[in-house]
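K.L.:
So you can see what is in the structure, the chains are spelled out below.
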Amino acid sequence: MEKKDKIAMLEQSLDRKLTTLEMYENRPRKWILYLVIVLAVALLVGWSADDIHFTGLTATGTEVAKGVVHGVFHPDTNLLFGTGDSDVPYLLLQTIAIAVLGTIFGAILAIPFAFLASFNIMPKAVAYIVRILILMIRTIPSIVWALMWIRVTGPGAACGVITQSVCSIGMISKMYITAIEDLDTHILESLDAMGCTPFQKIRYGVLPQLTASFISTTIYRFDINLKDATTLGIVGAGGIGASLVQCLNSRRWGMVGSFIWGLMVLVLIIELISTRIRRKLAHGE
Amino acid sequence: MENNTSSLMKLTLYDRIFKPQTVTLPNGHSVQRCRSRTPVIVLFLAVAIWLSLRMTGFDLHVVITKFRKMVDLLEKILQPDWSFFPKVVSPLIDTIKMSILGTVIGCVLALPVAILSSSNINKSIPVVWLIRFLLGLIRTLPTLIIALVCALIFSLGTFSGTIAIAIFTFGIVAKMLFESIETIDMGPFEAMEALGANKFQAFWSACVPQILPVYLSHSLYCFEMNVRASAILGYVGAGGLGITINERIGWRDYNSLGTVLLSLFVVVVIIDFFSEYLRKKLS
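Chains as they are written, first to last, in our numbering: chain A, 70 to 354; chain B, 0 to 282.
Since the hints were made in silico from the structure, they are not lab data.
Because the structure is a prediction, the values reported are computed rather than measured.
Listed next, the in silico PhoX-like pairs over lysine-lysine satisfying Cα-Cα at most 20 Å (straight line):
| # | chain 1 | residue 1 | chain 2 | residue 2 |
| --- | --- | --- | --- | --- |
| 1 | A | Lys-99 | B | Lys-279 |
| 2 | A | Lys-296 | B | Lys-174 |
| 3 | B | Lys-122 | B | Lys-174 |
| 4 | B | Lys-279 | A | Lys-243 |
| 5 | B | Lys-65 | B | Lys-75 |
| 6 | B | Lys-280 | A | Lys-75 |
| 7 | A | Lys-75 | A | Lys-99 |
| 8 | A | Lys-75 | A | Lys-86 |
| 9 | B | Lys-122 | B | Lys-198 |
| 10 | A | Lys-99 | B | Lys-280 |
| 11 | B | Lys-75 | B | Lys-86 |
| 12 | A | Lys-193 | A | Lys-243 |
Just need the whole structure built from these sequences, with the hints factored in.
P.N.:
Given below as C-alpha cells:
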C-alpha cells in the first residue's frame with residue numbers, strides 16, 4: 070500500500086509518469102523493519118535461552134529413544150488388529166465417539182453464546198461480557214477442563230465428552246460470531262418487502278447464509294477435538310491416550326508402536342475427509 | 000428436452016438410487032430437481048450419535064446431578080487466592096520462555112522445509128509428496144505425547160518442553176507456509192530468470208519478499224497457540240505452569256488454581272492482542 074502511495078505522490082508532484090529507473094530508486098526500503106524484527110527475535114531468544122539448559126540425557130534416555138524407534142518399526146500386530154476391549158481399534162473408536170459427541174454438544178451449546186456475543190444483534194455491553202466469557206473458556210486448556218470435570222464426574226469416557234463439549238464452545242462460537250456478523254441484511258429487507266413472516270425470514274433469509282459456515286466450523290472443530298481426545302486419556306478421560314502413556318511408562322515398546330500407528334492413521338484419514346468436505350462446503354464442488 | 004437436462008446435470012451415485020424429481024414449469028418446460036441429501040445426513044448423524052453414546056457411556060442425568068458441584072468449583076476458581084501469586088510468576092515466565100524458544104527453533108527449521116515442499120518451487124514431485132507426508136505424520140502426534148517422550152529422554156524440565164513445542168511448531172508452520180508459498184505470484188520470478196538471473200538470485204529477489212510477511216504472520220499465530228499449549232506441558236513433567244496446575248488440582252486448592260488460570264488468562268490475552276496487532280500490520 071505505502072509503496073504505491075509514495076510513487077503516486079511523486080508522479081502527482083512531478084506531473085508525469087516516473088521512468089523505470091526512478092521507480093527503482095524509490096523502491097520500498099524495508100531493511101530497517103527487518104533489522105528491528107531480527108533484533109527483537111534475537112533479544113527474546115537470548116532472554117529465554119538463559120533459563121533453558123540442556124542438562125544431558127537421563128540415565129535411560131538413549132534406551133527410551135531407541136525403544137520408541139524400535140516400537141514404531143516393530144508394532145505389536147495382535148494389539149493393532151485385535152478386537153478386544155483394550156485393543157487399538159476399539160480404543161480408536163472410543164476416541165472418535167468422544168470427539169463426535171463432544172463436537173455435536175459443543176456446536177449446539179455454542180449457538181446461544183454466538184448470538185449473544187454478536188454486535189449486530191445484541192447491545193454492546195452484553196456482547197462484550199459474553200465475549201470475555203468465551204475468551205475465558207478458550208484460554209483454559211482442555212486438559213485442565215478435563216482435570217476439573219474428573220473431580221466432579223469421576224474418570225471415564227463420559228468425562229471426556231463433557232470436557233470437549235465445554236471447551237469446544239470457545240472456538241466454535243468465536244467462528245460462529247464471524248458468520249453471524251457477516252450476515253447480509255439486504256436479503257432480510259427484501260423478504261420483508263415481499264411480506265414474509267418472521268419465521269419465513271429466518272428460514273429463507275438467515276439459515277441459508279449460516280448453515281454452510283456453521284457446518285464447516287463444526288467439522289473443523291471435530292478435527293481438533295479428535296486430536297485433543299487422543300491426549301485426554303492421559304488424565305484419565307477415556308480414549309487411546311491412557312493406554313499409550315501406560316505402555317510408555319512401563320516401556321513396552323511394541324505396544325507403544327502400535328498405538329502410535331493407530332493414532333497417526335486415524336488422524337490422517339479424518340483430516341483428509343474433513344478438508345475435502347470443508348472444501349466442498351466452501352466452493353460448491 | 001428431458002435428455003438435455005439430464006446430460007447437463009452431473010448424476011452422482013445418490014441421484015441414481017433416488018431418482019431426481021421432475022418439475023413441470025408453467026411454460027411447459029420440465030426441469031429436474033435432485034432429491035435432498037438432508038435425510039441421509041440426519042440418519043447418519045443419528046446412528047453416529049447413538050453408537051457414540053453407547054460407547055462412551057455418557058449419561059445426561061449424571062451431568063445434571065453433578066452440575067452443582069462444578070458450579071461450586073468454578074465459583075472457587077473465580078475467587079482467586081492472590082497470596083499464591085508469587086509462586087505463579089516463575090513457572091509462568093518459564094512457560095513463556097519455553098514457547099518463545101520453541102517457536103523460534105520450530106519456525107527456523109520450518110522455512111527451508113516449506114520451500115522444499117512447495118510444488119511451484121521444487122519441481123520434483125516425489126520429493127514434495129514425501130516431505131508433505133512426513134510433515135503430516137509429525138502433525139498427527141499430540142504435543143503432550145511428544146513432551147512425555149522428550150521428558151523420558153531428556154530429563155524433566157523446560158528443555159523437554161522446548162523441544163516438544165519446536166517439533167509441534169515445525170509441523171504446523173511448515174504446512175501453513177507451503178500452502179501460502181504455492182499461492183504467490185511466480186511472474187516476477189520468471190521475469191528475473193528471463194533477465195539472466197540464476198535460480199537463487201531470482202528466488203531471493205522475487206519470491207522472498209512475498210514469502211517473508213506471510214512467514215512472520217504464521218510464526219506469530221503459532222506463537223499464540225504455543226503459549227496456550229505450553230501451559231499444560233508441565234503435566235507430563237516438561238516444565239512450566241502445568242506442574243503448578245496439576246499440583247493445585249491434586250490438593251483441591253481451587254482458589255490458588257484460580258490465581259494460576261487468571262494469570263495465564265491475562266498473559267494469553269496480552270500476547271494475543273500484540274500478535275494480532277502485528278499480524279494486521281504485516282498483511
